[in-house]
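S.K.: Got chain U; can you put chain S on it based on the hints?
In the order they appear, the protein sequences are chains U and S.
Position 33 of the first sequence, counting from 1, maps to 33 under the numbering used here, and the rest follow consecutively.
Position 366 of the second sequence, counting from 1, maps to 366 under the numbering used here, and the rest follow consecutively.
Mixed in with the good hints there might be a few duds.
If chains are identical, the list can't say which one is meant, so a pair holds when it fits in one copy or spans any two.
Stated by the list, open to error - Within a straight-line C-alpha distance of at most 25 Å, the following computed SDA-like cross-link-like pairs (lysine to any residue) qualify:
#	residue 1	residue 2
1	Lys168	Glu84
2	Lys168	Glu71
3	Lys168	Glu154
4	Lys92	Thr162
It is worth saying that the hints were derived from the structure and are not from the lab.
Number of protein chains: 2
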Amino acid sequence: MKISPDDIDRIAAGSAFLATGGGGDPYVGSLVAKRALSEFGDVELMDLNDLADSAIVIAVGGIGAPVISLEKLPNGREQDWALEHLERFIGKSADALIAYEVGGVNSLLTFIAAARRGLPVLDGDGMGRALPEMQMTTFSIHGVNGTPMVVVDEHGNNAVVTTCDTNKAERITRNIALAMGGQCTSAESVMTGALVKKVSIPKSITLSMEIGRRLRMTSNNADEFIEDLRELIDKSVYGVVEKLLVGKVVDVERKTEGGFDYATIVLDDLEKKERGQMRISVQNEFLFAEQNGAVRASVPDLICIVDSETAAPITSDRIRYGQRVTVIAIGAPAICRTPEAIAVIGPRAFSIDADFVPLEQLTQSDS
Amino acid sequence: MKISPDDIDRIAAGSAFLATGGGGDPYVGSLVAKRALSEFGDVELMDLNDLADSAIVIAVGGIGAPVISLEKLPNGREQDWALEHLERFIGKSADALIAYEVGGVNSLLTFIAAARRGLPVLDGDGMGRALPEMQMTTFSIHGVNGTPMVVVDEHGNNAVVTTCDTNKAERITRNIALAMGGQCTSAESVMTGALVKKVSIPKSITLSMEIGRRLRMTSNNADEFIEDLRELIDKSVYGVVEKLLVGKVVDVERKTEGGFDYATIVLDDLEKKERGQMRISVQNEFLFAEQNGAVRASVPDLICIVDSETAAPITSDRIRYGQRVTVIAIGAPAICRTPEAIAVIGPRAFSIDADFVPLEQLTQSDS
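One chain only, chain U, in its complex shape:
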């Protein structure tokens, strides 16, 4: 399938939804991506099954606190530079690119680099959502070392990082991101085609585009959108879709520290007042929702927030007091719920003192 500039807004909107609050605000990224496609031509979105097993695949994306990107504008060449530096370092050229997460910005950076280079972008990613740290990709969980990895900033400063394990790479590159002003762009996780087919979330980019298509219908409200969403998710690798809450944001306690956005969001429940307030914990992404002492949804399952009136996804850096929002949860793909995955992306990996309980079990006990 060819991706044209018109598709970019759909991918951005749907990705911003699946990104559970993280992955970057799509506005600037969309402008840069549409311009790249206009200038260099459409980009092939390739199904994982169509990729040669011997192909070299490189993951591209942004690193840093999303709130920074609202003010720190990109140069537009970062992803090309990162890719070129990594290719030079490994002595091989990429045959295809993949996003390491689905995100309003992070789904688009691959297209920017791919347009300029005439490469295909794979229809899949390494998280099926956004998550804050690089050892949290399905690539890394399945043993792919994220390094050698290149990080660059908008001035062309760059570093090639090679480490014994991806946890260390995360600490090093997070600190480099801080030195680069809080955000940078990376190329990483060199994989063969055979490997990437085993360790990716398939079809997450077309799913984003389909979700985005529904989101961009002007007559939408959140309830109608949820019906559309159920239909799309039913045909995907994701699990159940649940409307967790229709409410109002009454408090956002926020700090940016160590290269991450942290927040606690407090919501009044406008439909079922007797349930009390919902609290959502944030590290770049919406991670954990509890209400009246009960867990409502937990990472790696997806917690997504949209405007109740328009169904527009709200990213964690844009959430604020007074917004009328609908909180939606989606079961994570099975590959993200294995014991190996839960050890790295379950609630305890974020210092949340709770075991992971799948969304469908929480919902059953609640009814």
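M.R.: For chain S alone, kept in the frame of chain U given last:
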């Protein structure tokens, strides 16, 4: 001149003195260096004038807060790894190594790598002392970009950093050092022989060795040592030698933050009590000494502290309440006192609100 294991303790002791409190505690570094020379043979200490103009020279040293190195033991291979990674990245092999600063550890790391590789070490360095940040070398002040630069830790994690300017490299590699546990080892500042002759402090390693020889005479006390020191410094590129104070450490306020050791040292003046207390400001190194509102010595001039009884140099990470010490100042080499240099290594570069006044002028106005 051939450097044998017996010379290492002398170089370490003299370097620890010239390092003005920084550059690392020499104990562990000396053990590693002596072992490397015992295993791989003596190392040629080469006069800068004997170096071919076309030679490739690489600077090697440690980065981080000195206090960390008291507990974080090296692997012993870090400098070799850093050198190898940088050589592979630039596609050239080093013909000689140079220390980027004189320091109890940083003068020795070159010898460890040189022994294993059979390379000469140049008799000179890029500071004529130790200073806390990498844009503060005479290399950088004269326009040499410190990058591409490699940093490694004791586990083999490493990064190749390339930047537009050395200030950015300093921020990035400092943050990498933090992610590596507070300390790492670097290879950087690739130069030709012709260039290194113009931008180095010459003969600082033989000067360290000669100072170390006097320091290691067992009958020494600080006053005798100062007489020996005057004789050696008179024949060097450095300026005057002054005894600033004989005193007692009565307070050390210390913090390790952002990858640096910061401290303020307060000393009672035991010889001239009427002068009041001396305060010395520290960022890894002893930077600025004032007494009773008057500046006594200021970076880039050297402020060195030795034990009054034994003349043993005291590094900033070892200074503590109750020590009887003698504070000695030495005029910096002329290359460190140019307006270009003062902009980067004068007191204002360390947020000290004072103009640089050369030691010899301070001393005159004082007498």
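S.K.: Tell me the numbers of any earlier hints that the structure contravenes, in ascending order.
M.R.: As far as the earlier hints go, not one is violated by this structure.
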